[in-house]
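Asker: All chains should be modelled from the sequences, with the hints used to inform the complete structure.
If you read the sequences in order, they're chains F and B. Per UniProt numbering, the first sequence starts with residue 1, numbered consecutively. Per UniProt numbering, the second sequence starts with residue 1, numbered consecutively.
There may be inaccurate statements among the hints.
Part of the chain B face toward chain F, derived, beta carbon under 8 angstroms [stated by the list, open to error]:
no., residue
1, G77
2, L79
3, V92
4, G127
5, Y128
6, W132
7, W209
8, E234
9, P268
10, A269
11, Q271
12, G299
Mimicking BS3-like on lysine-lysine, the simulated pairs with C-alpha atoms at most 25 angstroms apart in a straight line are [as the list claims (entries may be wrong)]:
no., chain 1, residue 1, chain 2, residue 2
13, F, K205, B, K120
14, F, K155, B, K120
15, F, K69, B, K120
Anything over 12 angstroms on all C-beta distances counts as not near chain B; from chain F, calculated [stated by the list, open to error]:
no., residue
16, H54
17, E83
18, W95
19, Q266
Rather than coming from a laboratory, the hints here were simulated on the basis of the structure. We treat Cβ as the ideally placed atom computed from N, Cα and C, and that holds for glycine.
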Amino acid sequence: MAAPKVAVVGAGLIGLSTALRVAEAFPSCCVTVLSEQFSPNTTSDVAAGMLIPHTYPGIPIHVQKQWFKETFTNLFAISNSAEASEAGIHLVSGWQVFKNPPKDEVPFWSDIVLGFRPMSTAELQKFPQHRSGQAFTTLKCNCPPYLQWLEKRLKANGVQMHTRKVADLWELHSEYDIVVNCTGIGAHHLVGDEKLFPVRGQVLKVHAPWVKNFIREGDGSTYIYPGIYSVTLGGTREKESWGLSPDPGTTKDIFDRCCSLEPSLQQAQDIKVKVGLRPSRLCVRLQREVLSRGGAKLLVVHNYGHGAGGFSVHKGTAEEAARLVGECIAALQGSSSRAKL
Amino acid sequence: MRVAVIGAGVIGLSTALCIHDRFHPLVPSLQLEVYVDRFTPHTTSDGAAGLWQPYLSDHGNLQETLWNKETFDHLLGHLGSPEAKEMGLFPVSGYNLFTQPVPEPSWKNIVLGFRNLTPKELELFPGYSSGWFNTALVLECRSYLPWLTNRLAQRGVKFFHKKVESFQEMFAQGVDVVINCTGVRAGELQPDPALQPARGQVIKVLAPWVKHFIITHDIRSGIYNSPYVIPGSEFTVLGGIYQQGNWSEENSAQDHRAIWEKCCRLLPALQKAKIVQEWSGLRPARPSVRLERESIRHGHSQGEVIHNYGHGGFGITIHWGCATAAARLLGSILQEKQLASPPQSRL
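Answerer: Below is the structure:
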């Protein structure tokens, strides 16, 4: 049969990293990325891109750990190479602080990040309202640079990218054999997934280049993440809220909470406010589906619903999605050889 | 009572501020003046990256370790204040790397979160077999010196742009106490064979993705002759030159190449960094800091000099401890003078 034509719908972190993995794993395939938005206008561009996993209630911990480990290892190698600045990946150290002792003494990912340990009494003095904390070093994946670097690698792999709004996956059935659905929050309407819901996050991106360490409230509600060109201050977690316009009251609240953790932020300049809708789900939807109408079929692989944890697991889920694409290809080849009989 | 500070690097200005804050309320007649040959940004202090970190070993010089600690704690106390940014002060974490095991330093309990590196962390630095991680502070003098200068000016301290040729010159003008903070050129005021320049060169680059300091050590080549990378608020400083006895303040192409190649090998991402500035300076190296009083004959009387120089490559690290020590020495002088001279009005 002719080389399978694969369309990846969505050009955020998940779409681009999945497309790259598919193109690398199946060089004979023709891979195209279709998306309504590209960087810097995706949900991923709003995120700080910190590799600190979110725990999915519906996925076994050992699987989440494996995904995180694959992602961390992959990005660690890039951060240590000459490509690091172009890819926007760097190490960053900091602290996670708790007003009340955390439920789990030690998170499942503590042995994957670097140098994880409890904070000393002297370190905690910087946080008088907090009673305990953990120090570690992790990676930050800065967007837009990382997404634009992925786009560059995709082009080098012969992957085409087109701006296109897909209203219905079926509309692709005549042009493509396999569709990989990486539409993030868009999947709620695109495939009618009621289990997928937005968790609205507002963040401030500020100029405060003297901030070199991250600081994070243990429950994830307030955070300060220093990036290449700005420091991301956050945040909010508003379930079922679809509004994309920044709220000024929220801006002030985020700023105040962050200044209380890091007073020098009072001197921050050039404050930009952004909003993103985390595509949240009890578990990431990573599964195959066959759409058929009349005699025609379209093989679909879903890879969406990463919520707050996309950056931390994206390589792992891209790997799994590519594996599912492999199954689709095998199915196509199987049915095509059957058709020859 | 006229007190003249000579020198406006980190030592001169901090000593002046410490003295003013301590004594001005007690001795209203105290008149403080600062004599400056080179102002910020042209002092030795301005070229330094500003990382608080003493040398690996204090060679049993406990006094210097105490001054280092006093400085760190003083700066730590300023971290949460609104002044911190204006001072050029911020925390930074990072790595010290070794090719062989090294005893723990005197400052391990002064910095925050000091620990050994894990094997996975060492994978980042091929060729280095052990190392430390800790959180320390950066104090950028291109911000700190103007901050100190502003505070002194606000308090009415007078600055004179003038190269002082001798202590006698000051005493002849009516200065009672000279605070000698002249750094590497102290020998011009009074020969000191123990004081030597230790030339350094740095390359400042735009590399805002660098969030950690990395200091490598080569026991054979000695302190600061091994590459280091220190992130600043705007630029990242690359260095690794320490040339004892070299008085040249010109940038050397050979040193540039050495710094660049070694730092890029250490951190491959630096290859893409844009070079913004190159600078050379002379660390005022001495086996120990000269911090002591000296009485100098002046006609029929004595002039008092408090020496505070010879801070090598750790001036920023030790400056506040030395400033308070110099202030204490001035305190003794003030006490003696009050005891020694009756008020003129009795005549």
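Asker: All the hints need checking, so say for each whether the structure fits it.
Answerer: Evaluation of the provided hints:
no., hint, verdict
1, G77, "10 angstroms, violated"
2, L79, "7 angstroms, holds"
3, V92, "5 angstroms, holds"
4, G127, "13 angstroms, violated"
5, Y128, "13 angstroms, violated"
6, W132, "11 angstroms, violated"
7, W209, "4 angstroms, holds"
8, E234, "6 angstroms, holds"
9, P268, "5 angstroms, holds"
10, A269, "4 angstroms, holds"
11, Q271, "5 angstroms, holds"
12, G299, "51 angstroms, violated"
13, F:K205 with B:K120, "31 angstroms, violated"
14, F:K155 with B:K120, "33 angstroms, violated"
15, F:K69 with B:K120, "13 angstroms, holds"
16, H54, "23 angstroms, holds"
17, E83, "8 angstroms, violated"
18, W95, "9 angstroms, violated"
19, Q266, "6 angstroms, violated"
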